[in-house]
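J.: Each protein sequence line maps, in turn, to chains A and B. Heads up: the first sequence begins at 102 in our numbering, then just goes up one per residue. Heads up: the second sequence begins at 4 in our numbering, then just goes up one per residue.
Certain hints may be false.
[Unchecked claim] A few chain B residues that don't get close to chain A, going by computed Cβ distances all over 10 Å: (1) V7; (2) A38; (3) E50; (4) I74; (5) D84.
[Unchecked claim] Quick look at which bits of chain A chain B covers, simulated, 3 or more residues with Cβ under 8 Å: (6) 214-221; (7) 504-518.
Just so you know, the hints here were simulated from the structure itself, not pulled from any lab data. Glycine included, each C-beta is placed from N, C-alpha and C at the ideal position.
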Amino acid sequence: MTATAHTTGLLDPVELDRIRADFPILSRTVRDGRRLVYLDSGATSQKPACVLDAEREYYERHNAAVHRGAHQLAEEATDAYEAARATVAGFVGAAVGEVVFTKNATEAINLVAYSMSNAAYAGEEAARFRLGPGDEVVVTEMEHHANLVPWQELCRRTGATLRWLGVTPEGRLDLSDLDRVVTPRTRVVAFVHQSNVLGTVNPVAPVLRRARAVGALVLVDACQSVPHHPVDVTALGVDFVAFSGHKMLGPSGIGVLWGRRELLEAMPPFLTGGSMIEVVRMESSTYAPPPQRFEAGVPMTAQAVGLASACDYLSALGMSTVAAHEEALTVYALEALGDVPGLHVLGPTDVVDRGATVAFSVEGIHPHDLGQVLDDRGVAVRVGHHCAWPLHRRFGVPASTRASLYLYNGTDDVDVLVEAVHHARRFFGVA
Amino acid sequence: MAAVEQMYQEIILDHAKRPHGRGLREPDRSGLRTAEAHHVNPTCGDEVTVRAQLDGDRLVDVSWEGQGCSISQAAASVLSDLVAGRPLSDVLARYDAFHAMVTGRGTVQPDESLLEDGVAFAGVARYPVRVKCALLPWMALKDAVARAAAAPEEEN
Chain A
102 MTATAHTTGL LDPVELDRIR ADFPILSRTV RDGRRLVYLD SGATSQKPAC VLDAEREYYE
162 RHNAAVHRGA HQLAEEATDA YEAARATVAG FVGAAVGEVV FTKNATEAIN LVAYSMSNAA
222 YAGEEAARFR LGPGDEVVVT EMEHHANLVP WQELCRRTGA TLRWLGVTPE GRLDLSDLDR
282 VVTPRTRVVA FVHQSNVLGT VNPVAPVLRR ARAVGALVLV DACQSVPHHP VDVTALGVDF
342 VAFSGHKMLG PSGIGVLWGR RELLEAMPPF LTGGSMIEVV RMESSTYAPP PQRFEAGVPM
402 TAQAVGLASA CDYLSALGMS TVAAHEEALT VYALEALGDV PGLHVLGPTD VVDRGATVAF
462 SVEGIHPHDL GQVLDDRGVA VRVGHHCAWP LHRRFGVPAS TRASLYLYNG TDDVDVLVEA
522 VHHARRFFGV A
Chain B
4 MAAVEQMYQE IILDHAKRPH GRGLREPDRS GLRTAEAHHV NPTCGDEVTV RAQLDGDRLV
64 DVSWEGQGCS ISQAAASVLS DLVAGRPLSD VLARYDAFHA MVTGRGTVQP DESLLEDGVA
124 FAGVARYPVR VKCALLPWMA LKDAVARAAA APEEEN
């Protein structure tokens, strides 16, 4: 490949500098004056000033408990919160009433799993969510713990059985036994859109087709896809989509569950209390329609406002631009890392259906030790199992080092990473 | 010297590469109380199993197996040098001294007469995330000793 082929799609340096200037934290130094090379956006992204300003402005000008009170601030706070919902819905192609705000994606997935076990105690309208012995839940071996453990627990509570699709040696979802794993006993199929370790973007259509054929619900964990490329949840055609605000330039403490309207309407609540009710009597209560039914208590209003600002920021840049930049950067990173002796990438080594997350091992250096030496060079990466322990076990490694790239990263960051890995190999005497 | 080099002292890298006491073994003597404990660091997946054998109040045998970063593996190696064959009061004093040193955020002056090679881990205190790596085998040791102490004496 030629250098020009590598750089097609990359943001030009002036544009990249302008973007970096929007992120105050990127101008700080770490560990004795090193430039911060932040390659851990898969864990959490950094925040542009507009997101921080939006939160601050909300608190300084409009703060009140939403959906309560008749004073002007309550009105403004409610408007800000609901406008944020509309912005986030628009960002992912959803209808406004189908967007439920949660604390994070983990809570969004738990919301579905707990609502399903609560269906055992709800009316007939919730019958389709009931699980019991003989029923099955299907996940994959590449799930983040957040899309695995809630389903293990749902199975434990209901007596259902957990099954899973495997992963090929190349780091792709193994669909060869899809029809054997997803059967008429399957009630839910929950899988990750883009692996937080391998970077693999999973094909939704074949899984969805099989799930539909057997009448199973489908939930997609879109934590690593929504922040990085255009995603239209309605076009995906699935039943539920979960993602986090903090991985897409938004604040922590805000996540989203998108669900098809008729499902949210039939689904019993998970958390109960204020805000989610219709009529409350001492004996019992009735519940508000969705999305309020799933938003008990005073919600994370400033965080929702901040997330909407993040969506606006990304939209202004254009998600296609973000995706193109990341793809070009991934090509660059895979090639540069591929030249390091003893370095093995976990997952696809081309960019076909692959995002900008590159996990790797380096022979003779434990990831924890590697991460420490990279940190000394100002390079922030994730080390460990990245909340995907079974996937690491699948590849026979206890842990890995993960560089996850975002719109504010450039080839200069990759160069620092690669040089730091070379340095670590010398430092630990494996060069 | 950069902090990272203070942490990865030659002595630590040596212990990590050529660890002492590694490989769980059947204790030589029968009829004594033996137990083991397996500890995991859930943030990184590092793990270590420590096996301890007591003769009265003396830790007569200690061995370990594990996988993980050089800090946790070197800590296990140094631990086996420091505690094997010692009275439990000594073992506990060394545990306390090591614990105080690595959790002390650099404010605790380590006692070399107690900790020997273990003083090389003083640099770990600068990195809060790595403290758990250094302590992993020590926590497992403490657990194994407590279990052995509670175990019934084996029949001869």
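J.: Mind listing which of the numbered hints don't hold for this structure, in increasing order?
T.: Hint check: 1, 3, 4, 6 and 7 fail, others pass.
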